[in-house]
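For the record, the sequence lines run as chains A and B. Under our numbering, the residues of the first sequence are numbered 96 to 483, in order. Under our numbering, the residues of the second sequence are numbered 96 to 483, in order.
No lab work stands behind these hints: they were computed from the structure. The beta carbon of each residue, even a glycine, is placed where N, CA and C say it ideally should be. Watch out, some of these pointers could steer you wrong.
[Claimed, not checked] Some chain A residues close to chain B (C-beta under 7 Å, calculated; not the full set):
no., residue
1, Leu168
2, Gly169
3, Pro174
4, Leu197
5, Ala237
6, Tyr238
7, Ala241
8, Tyr265
9, Gly266
10, Ser433
11, Glu435
12, Arg477
In case you want the letters, here they are:
2 protein chains.
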Amino acid sequence: MKFFEGYRCSRCSMEIPAGSVAGECPACAAPLLAVYDLGGLRRVVQREEFFSRHGGVWRFRHLLPTFGREVTLGEGSTPLIRARRLGARLGIERLYIKNEALNPTGSFKARGMAVAVTRLLDIGVREACMPSAGNAGLALSAYGAAAGIRCRIYLPDGTPAGMAEECRLYGTDVVRVPGSIADAGARLDAEAGAERAGVVSTFREPCRVEGKKTIGFEIACEIDSPSAPWVLFPTGGGTGIVAIWKAYTELETLGWLRGAKPRLAVVQSKGCAPIVRAFKAGEGEVAPWKEPETIAAGIRVPGSRAGALILAALRESEGTAVAVADADLMGAVREIASCEGVFAAPEGAATWAGCKALVGDGTIDRSDTVILVNTACGSRYRFLLEDR
Amino acid sequence: MKFFEGYRCSRCSMEIPAGSVAGECPACAAPLLAVYDLGGLRRVVQREEFFSRHGGVWRFRHLLPTFGREVTLGEGSTPLIRARRLGARLGIERLYIKNEALNPTGSFKARGMAVAVTRLLDIGVREACMPSAGNAGLALSAYGAAAGIRCRIYLPDGTPAGMAEECRLYGTDVVRVPGSIADAGARLDAEAGAERAGVVSTFREPCRVEGKKTIGFEIACEIDSPSAPWVLFPTGGGTGIVAIWKAYTELETLGWLRGAKPRLAVVQSKGCAPIVRAFKAGEGEVAPWKEPETIAAGIRVPGSRAGALILAALRESEGTAVAVADADLMGAVREIASCEGVFAAPEGAATWAGCKALVGDGTIDRSDTVILVNTACGSRYRFLLEDR
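All chains should be modelled from the sequences, with the hints used to inform the complete structure.
Quick look at the structure:
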């Protein structure tokens, strides 16, 4: 049974067929979002069946674009760890860490790439390229290798040194670019040319959001409290936020939600906080941040192609956005590791710094359920510990 | 329902009660093995129930020592990847990689430590110590942090530099020791003194084997071919081999095996191959290897406290033991990464080098099902790539 119907432009609502090679709206270049026959799905599949399957991202295939061969390296089904010792420090009884470090190549990027690379195979594209702050590049490299797809990654300055080397190990071509990931993206645009169909950059490829949606499905499966849980997400391009909100919206439409929808909180660094700034100013779009600066490479992203979608998700969810100081990140890494046995990436640890700030100003109540999403493994950022 | 009955000495059969603080046989110092009421279990639990549960190592709790609180960081339920592209290079159609890198702290050591640290909590021990080649130390550090247990790790020379630092991040005391892991163990013996009950060294603690047994349960759940599959395991202290064989033996006794038991293959480095030497010489025990030398830190283990158990498992399973050259390891790492998208540790990649040797000499037939166990993530050994 197939319920995937195709894509729809998030801005102009133009419809794009399922087999299209287009990665963004051909009319207005806005992000495409996958569309499903939810009515048909509800008639055929029970909620219990949807949630009862084993096996990571693809267990949710009824709400994923379905193709012939599903590329997988064992992504998804990451643990939601009850963080009692960490929670006690702030008086939060129900604190959780969704540990995305346990994905292939050590980050949540694996979920999106499993589905994106599966799509590339389906539409017959055998070369892929993308700018990356590191973890997305690792994920594309690994899934590309598994699928026999040739990859080229544009890595900006500030990407941890070993990541380029690790990408090359998988057979990927790596191009180092001075500046931020926006500059890396511009370089790709200048060079990509004929490979257009293989661009899998954030929000220029519609299936990465779909893969990441499964984080939302997994949380909804485990947390079904009647009061809204907070989900704190370190945010660069914003795929995670858009994906989790899309997951909950689909579940709600299906009548499959048991608990409340979450309140989403974007966490950024004070040195690069375009979404926080736009949210607080009540804007409807995200303007680029000049001279982005943070040690958390994964969120050194000066803008987003999906600013409107991110801001809408924050407002619809009665969420918020908070910026934290770089100076607090490595302390947060140490606190999470020593209390919970989880070595978070600096951007993952930013959610704990953000949690403190939001409890401090009363936004989060100590009786709330709070989920910190650690998007990546800290191991590759170990060099940051040496500075102390 | 509780089916765990206690421990039995693997040499003199002395019985030790479940709540004992003894980690090895008080009479003869041989390894203890956990014992279960398999008859009782079979009467109460169905095979399908045993295998149908979700959730990593603890889903097999009917065949694990059960205590009050189960410590977990999301270990187990790692992917068994169908390695088509890699297999095609050797003409093996059914080649798989059991990717243990997707465990917490990036190695199969997490499975054992989840259960061992759970046991420490149960018997009231709040300090733990151990020698380690790196990955076991990371795992103990993380689980110790999560459980509030103070840890001390003795790391030998040759342990990748960052591992000590990473252990310290979790709050662990790290002692660097010149020599091999055997020297680190001797140093622990000289210093441990009053902390005796918290020694979790390989085969001086009975629950690490139990946790690792779940690799066997997972493989048995997925591979049920009537002809015996090969399981190639990079072997240092030998817990993995003993554990997998114990898993299959228990399943067989329960009548829960669908397919054939596996043929086990120990893979070691030519620079440190005490088990291979003993196996080929028909010995019943493993004599220590002098001057162990290999870049694969995880298998630079000159001896084993469970030599008799390992050799028995190899012979009972009609298995084998093979030594591979260090010079072939990094090439194997590159081959696995570029074909399958898996960055294996050098010892994990040794299984692929070993597979080539065993196909080459006719021990493994190309029509056999072959499972390579990648015990750890390659990321922390990235420095080895720089040598080329």
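For each hint, the structure was consulted:
1. Leu168: 6 Å, holds
2. Gly169: Holds: closest Cβ of chain B sits about 3 Å from Gly169/A, inside 7 Å.
3. Pro174: 3 Å, holds
4. Leu197: 6 Å, holds
5. Ala237: 4 Å, holds
6. Tyr238: 6 Å, holds
7. Ala241: 4 Å, holds
8. Tyr265: For Tyr265/A, the interface hint holds, since the closest Cβ of chain B sits about 5 Å away, which is under 7 Å.
9. Gly266: 4 Å, holds
10. Ser433: Holds, because the Cβ-Cβ distance from Ser433/A to chain B comes to roughly 4 Å (cut-off 7 Å).
11. Glu435: Since chain B brings a Cβ to about 6 Å from Glu435/A, closer than 7 Å, the hint holds.
12. Arg477: At about 5 Å, which falls below the 7 Å cut-off, the nearest Cβ of chain B leaves the hint on Arg477/A intact, so it holds.
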